[in-house]
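Enquirer: One-letter residues, chain by chain:
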Amino acid sequence: MEAPFDACVIGTGAGGGVALQELCEAGLSVVALDRGPELGPADFDEDELRVVIRDALFSPEQLETFRRHPGEPAAPGRYNQLAHAVGGAFTRWAGWAWRLREDEFRVLSTEGPVEGAHLADWPLSYRELEPFYERAERDFGVAGVAGANPFETPRRLPSGGAGYPLPPHPVRRGAEVFEQAARRLGRHPFPLPVAINPKPYGGRPRCTWGGACQGFGCPIHAKASTLSVCLPRARATGRLDLRPESRVVELVADASGRVRAARYLDREGREREVRARHFFLAANAIGSAHLLLLSRSARFPEGLANGSGQVGRNLMLHHGATVRVILDEPALGHTGFEAFRALDDFHPSDPKRGFIRGGVIAEVSAFTRQPLVYALHLAGDPRLDRGFGEELMRSLEEYPRALTLGSVLEDLPMEDNRVDLDPEVHDADGIPVPRITRRQHPNDIAMNRWFRERLLELGEACGGSRVFPLRVPGVTWIDEEHPVRGGAHLMGTCRMGTNPERSVVDAFGRAHQVPNLWIVDGSVFPTAAGYNPTLTILALAYRAVDHFLRAMRRLDA
Amino acid sequence: MNRPRLPSRRRFLLEVAGAGGALALGLVWPRPRAARAARASATPALLSPAEWRAAGAALERILPSDSGPGAREAGCLNFLDKSLLHEDAHLAPLVRSGLAGLDAVAAARRPGAVFAVLSPEEQDAVLAGLAGGELPGWPPEPPPRAFFDVLRLEALLGFLCDPRHGGNRDFAGWRRLGYPGPAHAAGGYTPEQMRGTAPIRPIWKRRPGREPAAPAPAGGASGHEG
Ligand SMILES: Cc1cc2nc3c(=O)[nH]c(=O)nc-3n(C[C@H](O)[C@H](O)[C@H](O)COP(=O)(O)OP(=O)(O)OC[C@H]3O[C@@H](n4cnc5c(N)ncnc54)[C@H](O)[C@@H]3O)c2cc1C
Ligand code: SF4
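Heads up: the sequence lines are chains X and S, in that order.
Sequential numbering of the first sequence, starting at 27, is according to the working numbering.
Sequential numbering of the second sequence, starting at 13, is according to the working numbering.
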C-alpha cells in the first residue's frame, strides 16, 4: 500500500492553490486531487459559444438542482459558474483583487441582529488578516494604487513599499468616460486592483488586453491563478503529486474522528483511496459542503464535521444591479479586461437608505466583451418590445457604443439558503447532485433597487443617447420571485466562528470536530462583504497553512 | 495538455427538459460537435424539407437582411439544423413541433399556405403573436413564447458564434455588430487602441497568421499610468 502523504489537498482553485504551494514549499509531501482535467494555455481560445455560452470547456458535466423554498421540488440545471478543472474557477476569474473593509469582519456587532438573516462577526479582524493580504498581493501580483480609494481601510504599508506590487494598467475608453462622469457627480473613482500583470512580473509576461478575459483562461499566464502561480512553484519542489480527474466522493473518518483517507473515482471511474496525515479541503462553497454531507459515518451521521448542522447553510452568492448606457462614441468594451475603474462611495453601510451594507460599482465588460453575451442580455431595452426584426438589429448595431455599469453587492446570510444532497437527482457517477435552496432577503432586494438608481444617475452622467437597467431576472435584476440562483462568488456553507455549536471551522479554518481537517475556500465566509471574495480566500488560506505549520513545528520541537 | 477524455462515466444519464431559465443559458450536454457537421454540409441533416423552409423564413424575419447582413448571409439556418442534431439536440422536439405550428397557423389564415409563402408583414405578425404568447390557430404544443425564445436564441447563436461552428459565415454577424473578432491570438490591443486613439483592424481584414490586431507588443513594455 502507498505510504500516507503528509497532506492531501482536495480542489485546486484559489484556496487549494495556495495550500498546495505553501505545503510543498514547507517541505511536506502533498497529494492534490481535482475532479477536472488539467487544462493549459493551449486549451484557452476565445470561442465564446463553446467556452462561455455552452460552458463546454470548464465544467461540461455540471448538474445541480434549484428551488426557492424548502418543501418544493427542485429543478435540474446548471446554476453556479464553476470550473471542474485543475485550477478551478480561479483560472477564469476576472482578477479583481480586493481586501475587505475593516467593518466587513464585524457585521453583527456593527449592525445588530436583522430579522431573517443569520448575521455573524468573523472570528478574526482585518489587522490579523492584513499580513496575509500582503503576501497574496505579492505572490499573485496585484496592480493598483494604495489609498486611491478613500473608502478602503487604510493599509499599513510595508516599509518603503508603495502599497501594491504593481502599478495600474492603461485604461479603456469606456472606463475613462465612467471616471469623468463619476467625478462630475462628486464621486471618487479609482483604478480597480487586479491580479493581472501590467508589466512582466513573477516570471509571467504582461497582459495584452485582448478582451476575452473573464470567463476564459489566459493564453499567456498574464492573469494570476493556480495554473500560472501555484502549480509551477509547487512542482519546482518535487513534492507535489497532482492527480487530475480524481473526484473525491468521501472523506473517510476513523474511530477517533480524524480523517484517514480520501476515497475518489479516477478518470476510468475506478474507486481509489489515498491516505494522508492532514487534509485541506478547497472544493468551493458548493463542492466542499457537498463532500462533507456525502461523508457520513456512525460518528458523523449528518456528515463529516457537521455536529453544528451548519454545513451547507448560509450560502451567499452576491447580487448586482446593472445598467446599460449607449454612448455617442465607441466604448471599446471588447478590449482590455473586465474592469479598470471602480467607485466605493456607496459601500459604507447606512441604515437611512432603508437597508444595511453596500457594495462596489465599476464599469465592466461582462456584457460587451464579446457579441453573444451582449446579444443574449438585451432584455430590459425598452425599445425591444417585440425582440426581433429591425428593432433587434438596431439594438445589435449599438454594440460598439454599449457601456455597462455593474456592481458587486453584499447579500445577507440566511440559514435556509443552503446546499444539500438532492434526494432524487443523481449524476452519472450515481451521486446525489447538490441541491440549492435559496431566497433573497428583503434587505438584498432593497439594496439592489437603490443601487440601480445610483447606476442610472451615473449612466445619465456618462452622456450618450440611452440609459436603461438590464433586466435579466436573477442575474442583473432581483426580486422576491427572482433570487440569484447561482453565482460566481460562492460563499458560506462552512462558516468560521468561535462557537462549535454555531459554526463549522475555527478562526484558522480548522474543523471544530475534526482535528486534521482544514477548509480553505470561500465556504468559510461568515458574511459576504461587498467585494469579490478571492483575495480574501487566498489570504485566509495563507493564514490557515501558516498556523498549521507553526503548530506542527511546535509538536516536532 | 490535450489528453483525450474518457466519455463513459462522464455522460449524463439525465436529460433535462428545457425549463425557461435553462434555455436562456443555452443548456447543453457534451455531444459530438455540430461544427464538423455544419462544415461538411449546408443541406438539411435533421430538419425535413418543410421544416427547413419554415425555419429559414422565420430566421430571416428575426434577423432580416433589409439594411445589412442578416440570418441569410450568416447561414443561421444551417447552424440551427446542425445545432439541433448535436449540442442542442434536447431542443429539437420543441423546435420541430413549433415549425409545424408555423405552417398550421399559415394554413389557418390561407388554405393551402405554409409559413414560408406568407408576406413578410404576415410573417412578422405571426412572430409577434408568438412573442406575445398568443396566436390564433396555434397548436396546444409547444408554448408559443418558449418556441419563440428558442428560435431567437438559436438565430443569435448562429449569427454571432465563431464561424468554426457553421454560422456567422464570412463574419456576417460580427460585421453587422461591429465586433472586430478575437484579438489574443493576434497579439491583443495597444493602450492607444483601448482608448480609441488608434484604429483596430477587424479579423476580416487581417491576413491569417501574419497581421496582428495590434502591432506586436514592444517586448517587456512598462506599465502605463491609467
Ligand atoms: C467568470 C468568473 C469571474 C470571476 N471573477 C472574480 C474576480 O474578478 N474577483 C474575485 O475575487 N473572484 C472572482 N471570481 C470568483 C473566483 O473564481 C472564486 O472566488 C475562486 O475561484 C474560489 O476559489 P475556491 O478555492 O473557493 O474554489 P474554486 O476555484 O471553485 O475551485 C474548486 C475546485 O475544487 C474542485 N472540486 C470540486 N469538487 C471536488 C471533488 N469532489 N473532488 C475533487 N475536486 C473537486 C473543482 O474541480 C475546482 O477545481 C470569478 C468567478 C468566475 C466564475
Ligand atoms: S486580458 Fe490580459 S490577463 Fe486577460 S486573458 Fe488577455 S492577456 Fe490574459
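No wet-lab data here; the hints were simulated from the structure.
Some clues are possibly wrong.
List time: in silico SDA-like cross-link candidates among lysine to any residue, alpha-carbon distance up to 25 Å [as the list claims (entries may be wrong)]:
| no. | chain 1 | residue 1 | chain 2 | residue 2 |
| --- | --- | --- | --- | --- |
| 1 | X | K378 | X | L134 |
| 2 | S | K217 | S | R207 |
| 3 | S | K217 | X | E423 |
| 4 | X | K378 | S | A57 |
| 5 | S | K217 | S | G199 |
| 6 | X | K378 | S | K217 |
| 7 | S | K217 | X | P193 |
| 8 | S | K217 | X | P426 |
| 9 | X | K225 | S | A210 |
| 10 | X | K225 | X | R181 |
| 11 | X | K378 | X | E178 |
| 12 | X | K225 | S | P194 |
| 13 | X | K378 | X | R181 |
| 14 | X | K225 | S | G199 |
| 15 | X | K225 | X | P67 |
| 16 | X | K378 | S | A197 |
| 17 | S | K217 | X | R420 |
| 18 | X | K225 | S | E133 |
| 19 | S | K217 | S | G80 |
| 20 | S | K217 | X | V399 |
| 21 | X | K225 | S | G80 |
| 22 | X | K378 | X | K225 |
| 23 | S | K217 | X | P245 |
| 24 | S | K217 | X | R132 |
| 25 | X | K225 | S | T209 |
| 26 | X | K225 | S | K217 |
| 27 | S | K217 | X | R213 |
| 28 | X | K225 | X | L268 |
| 29 | X | K378 | X | R132 |
| 30 | X | K225 | S | R219 |
Computed, partial: chain X to chain S, Cβ under 7 Å [claimed, not checked]:
| no. | residue |
| --- | --- |
| 31 | P196 |
| 32 | G406 |
| 33 | P408 |
| 34 | L410 |
| 35 | R412 |
| 36 | G415 |
| 37 | N525 |
Being a predicted model, the structure only gives us computed values, none of them experimental.
Built from N, CA and C at the ideal position, the CB exists for glycine as well.
Enquirer: For every hint, state whether the structure bears it out.
Expert: Evaluation of the provided hints:
A threshold of 25 Å between alpha carbons decides the hint, and for K378/X with L134/X the separation of about 18 Å falls inside it, so the pair holds. Distance check on the hinted pair: K217/S and R207/S sit about 21 Å apart at the alpha-carbon level, within 25 Å; holds. Straight-line distance between C-alpha atoms of K217/S and E423/X comes to about 20 Å, which keeps the hinted pair within the 25 Å bound. Between K378/X and A57/S the CA atoms are separated by roughly 62 Å; this puts the pair beyond 25 Å, and the hint is violated.
The suggested pairing of K217/S with G199/S holds, with an alpha-carbon distance near 15 Å, which does not exceed 25 Å. Distance check on the hinted pair: K378/X and K217/S sit about 56 Å apart at the alpha-carbon level, beyond 25 Å; violated. At roughly 34 Å between alpha-carbon atoms, K217/S and P193/X are farther apart than 25 Å, so this suggested pair is violated. At roughly 18 Å between alpha-carbon atoms, K217/S and P426/X fall within 25 Å of each other, so this suggested pair holds.
As the CA atoms of K225/X and A210/S are separated by approximately 21 Å, the hinted pair is consistent with the 25 Å bound. As the CA atoms of K225/X and R181/X are separated by approximately 24 Å, the hinted pair is consistent with the 25 Å bound. Distance hint between K378/X and E178/X is fulfilled; the C-alpha atoms sit about 21 Å from each other, no more than 25 Å. Annotation: proposed proximity of K225/X to P194/S holds, straight-line Cα distance about 22 Å (limit 25 Å).
With a C-alpha separation of about 28 Å, the suggested pair K378/X and R181/X falls outside the 25 Å cut-off, and the hint is violated. Only pairs whose Cα atoms come within 25 Å are accepted, and K225/X paired with G199/S is accepted, the gap being roughly 15 Å. Distance restraint check for K225/X and P67/X: the Cα-Cα separation of roughly 19 Å lies within the 25 Å cut-off, and the hinted pair is therefore satisfied. For a cut-off of 25 Å, the pair hint linking K378/X to A197/S is broken: about 50 Å separates their Cα positions.
Of the supplied pair hints, the one linking K217/S and R420/X holds, its CA atoms being roughly 24 Å apart against a limit of 25 Å. Distance hint between K225/X and E133/S is unfulfilled; the C-alpha atoms sit about 56 Å from each other, more than 25 Å. Simply put, K217/S and G80/S have alpha-carbon atoms about 18 Å apart, close enough for the 25 Å limit, and the pair holds. Straight-line distance between C-alpha atoms of K217/S and V399/X comes to about 24 Å, which keeps the hinted pair within the 25 Å bound.
For the hint linking K225/X to G80/S, the alpha-carbon distance of about 42 Å lies beyond 25 Å, and the restraint is violated. Under the criterion of a C-alpha separation no larger than 25 Å, the hint pairing K378/X with K225/X is inconsistent with the structure, at around 44 Å. Annotation: proposed proximity of K217/S to P245/X holds, straight-line Cα distance about 23 Å (limit 25 Å). Proposed proximity of K217/S and R132/X is contradicted: the alpha carbons are some 56 Å apart, above 25 Å.
For the suggested pair K225/X and T209/S, the alpha carbons sit about 21 Å apart, so the restraint of at most 25 Å is met. Of the supplied pair hints, the one linking K225/X and K217/S is violated, its CA atoms being roughly 29 Å apart against a limit of 25 Å. Taking the CA atoms of K217/S and R213/X, the gap is near 42 Å; set against the 25 Å cutoff, the hint is violated. For the hint linking K225/X to L268/X, the alpha-carbon distance of about 30 Å lies beyond 25 Å, and the restraint is violated.
A C-alpha spacing of about 19 Å is found between K378/X and R132/X, which places the hinted pair at or below 25 Å, so the restraint holds. As the CA atoms of K225/X and R219/S are separated by approximately 28 Å, the hinted pair breaks the 25 Å bound. With its C-beta approaching chain S no nearer than about 4 Å, P196/X sits inside the 7 Å limit, and its interface hint holds. Below 7 Å, beta-carbon pairs count as interface contacts, and G406/X has none with chain S, the closest being about 13 Å; its hint is therefore violated.
Annotation: interface hint on P408/X violated; nearest CB of chain S at approximately 15 Å, more than 7 Å. Taking 7 Å as the C-beta cut-off, the interface hint given for L410/X is violated, the closest approach to chain S being about 10 Å. Interface hint status for R412/X: upheld, as the beta-carbon distance to the closest one in chain S is roughly 6 Å, under 7 Å. Given the 7 Å rule on beta carbons, the hint for G415/X holds: about 6 Å separates it from the nearest Cβ of chain S.
A distance limit of 7 Å between C-beta atoms decides the matter here; for N525/X the minimum to chain S is near 38 Å, and the interface restraint is violated.
Of the hints listed earlier, those the structure fails to meet are numbers 4, 6, 7, 13, 16, 18, 21, 22, 24, 26, 27, 28, 30, 32, 33, 34 and 37, in rising order.
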